[in-house]
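**Q** The sequence shown: position 108 = 162 (our numbering), numbered continuously.
Everything labelled a hint here was simulated from the structure, so no lab data went into it.
Predicted, not measured: the structure shown is a model, and the values here were computed from it.
Watch out, some of these pointers could steer you wrong.
Said to hold, decoys possible - Lysine-lysine pairs mimicking PhoX-like chemistry, simulated, CA-CA at most 25 Å apart:
(1) 126 - 58
(2) 149 - 58
(3) 223 - 209
Unchecked claim - Label pairs and their calculated CB-CB ranges:
(4) 262 - 296: 10 to 20 Å
(5) 335 - 209: 22 to 32 Å
(6) 160 - 183: 46 to 56 Å
(7) 256 - 209: 52 to 62 Å
(8) 164 - 76: 19 to 29 Å
(9) 355 - 222: 51 to 61 Å
(10) 334 - 161: 43 to 53 Å
(11) 137 - 160: 21 to 31 Å
(12) 164 - 108: 30 to 40 Å
(13) 334 - 126: 50 to 60 Å
(14) 209 - 153: 24 to 34 Å
All C-beta atoms in this analysis are idealised placements derived from N, C-alpha and C, irrespective of residue type, glycine included.
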Amino acid sequence: MNPKIGENIKTLRDERQVTQEQLADYLTISTQAVSKWENGVTTPDVYLFPAIAEFFDVTIDELFKVDMSAYKNKAARLTARYANSNRPEDYERAKREFDRLFAVGNPEPYDYFNFANVLETNAYNQVLRAEELYRAAMALGDEHAEFQLRYMYSKTSRNEQNIAECREKLDADPTDITNWRHLLYAYRNARRFDDALEIARQGLEIFPDNILPLDVCGDVLRELNRPADALAYWDKIIGLQPDFASALWGRAFAYNDLGDRENALAAWETLLAELESRGYTEETPWPRREIAKLRDALAAGIG
Numbered sequence: 055m056n057p058k059i060g061e062n063i064k065t066l067r068d069e070r071q072v073t074q075e076q077l078a079d080y081l082t083i084s085t086q087a088v089s090k091w092e093n094g095v096t097t098p099d100v101y102l103f104p105a106i107a108e109f110f111d112v113t114i115d116e117l118f119k120v121d122m123s124a125y126k127n128k129a130a131r132l133t134a135r136y137a138n139s140n141r142p143e144d145y146e147r148a149k150r151e152f153d154r155l156f157a158v159g160n161p162e163p164y165d166y167f168n169f170a171n172v173l174e175t176n177a178y179n180q181v182l183r184a185e186e187l188y189r190a191a192m193a194l195g196d197e198h199a200e201f202q203l204r205y206m207y208s209k210t211s212r213n214e215q216n217i218a219e220c221r222e223k224l225d226a227d228p229t230d231i232t233n234w235r236h237l238l239y240a241y242r243n244a245r246r247f248d249d250a251l252e253i254a255r256q257g258l259e260i261f262p263d264n265i266l267p268l269d270v271c272g273d274v275l276r277e278l279n280r281p282a283d284a285l286a287y288w289d290k291i292i293g294l295q296p297d298f299a300s301a302l303w304g305r306a307f308a309y310n311d312l313g314d315r316e317n318a319l320a321a322w323e324t325l326l327a328e329l330e331s332r333g334y335t336e337e338t339p340w341p342r343r344e345i346a347k348l349r350d351a352l353a354a355g356i357g
């Protein structure tokens, strides 16, 4: 006889807030049988172990643990289980229990905390899995996978890792403009603007007419509150590729920053015409608002 199973059943029953009668009904046995287990008089028949474990959402081994921890409720137990296993199926069990708890009960502060912990842990695990998949796609030659991986790094505050990886790739092959692009955006997303500017200028020594480093120079200089300097780069881009949207946006904002309303109006009108020609209707409201404001200001003799 193992008296711990009776104690553990009572612990689990208290967590789930079910009566002996409810457990007995589920197992189609008598209430007296459950009472005897919990008082150490008898133990469950072996054939009942899977059903008991399923009812409490634990493993059969856990029913016999000599050091089973007590939790405030089933959701808290499942939180601990997922934290220990990191298995997707344990995440799903925990989430289902929290969804049920929040739908039918009055969650306590620790329930909010535990649910948040479960969701956060799952999100982190999903990010790691996404990284594995992006790297697998990269190994198979998918040219877009690395761009998305680098973007994911910036969204998950892994900027220094991103910079280190991009720096290593650029040092290994500085003739590939893609390597420059990744490091440029890694620095910019980390808001290391001086480093981004320096790398962009180094890239321009090798690729003097490449739009990418020119555009990054414009973006970074505007971030550094140097719109006049930024304009020189965007003007060069537009000279090379008149319909390059990023430069059209940047030039319009830079003229706004400088308070040059006449040139700003012309820049916004050029941008709006380009967006409309491409059918980008969702992006047109902002230029329209800027054009209306600038026309009103010029009509009123401001600027």
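**Q** Taking the CB of residue 262 and the CB of residue 296, does the distance hold inside 10 to 20 Å?
**A** 19 Å, holds
**Q** Confirm or reject the claim that residue 137 and residue 160 have a C-beta distance inside 21 to 31 Å.
**A** Since residue 137 and residue 160 have Cβ atoms about 24 Å apart, the given range 21 to 31 Å holds.
**Q** Does the Cβ distance between residue 334 and residue 126 fall inside 50 to 60 Å?
**A** 53 Å, holds
**Q** Is it true that residue 256 and residue 209 lie within 52 to 62 Å of each other by Cβ?
**A** 26 Å, violated
**Q** Starting from the hint 19 to 29 Å, judge whether the C-beta atoms of residue 164 and residue 76 obey it.
**A** Cβ of residue 164 to Cβ of residue 76: about 24 Å, so the range 19 to 29 Å holds.
**Q** Tell me if the beta carbons of residue 334 and residue 161 are separated by a distance inside 43 to 53 Å.
**A** With a Cβ separation near 45 Å, residue 334 and residue 161 satisfy 43 to 53 Å, so the hint holds.
**Q** Evaluate the given range 30 to 40 Å for the C-beta pair formed by residue 164 and residue 108.
**A** 25 Å, violated
**Q** For the hint 51 to 61 Å, verify it against the beta carbon of residue 355 and that of residue 222.
**A** 57 Å, holds
**Q** Holds or violated: are the alpha carbons of residue 126 and residue 58 at most 25 Å from each other?
**A** Measuring from Cα to Cα gives roughly 19 Å; hence the hint holds.
**Q** Does residue 209 lie within 25 Å of residue 223 when you go C-alpha to C-alpha?
**A** 21 Å, holds
**Q** Hinted pair, alpha-carbon criterion (25 Å max): residue 149, residue 58. Please report holds or violated.
**A** 29 Å, violated
**Q** Do the beta carbons of residue 160 and residue 183 sit within 46 to 56 Å of each other?
**A** Violated: the Cβ-Cβ distance is about 35 Å, outside 46 to 56 Å.
Hint check: violations occur at hints 2, 6, 7 and 12; the rest are consistent with the structure.
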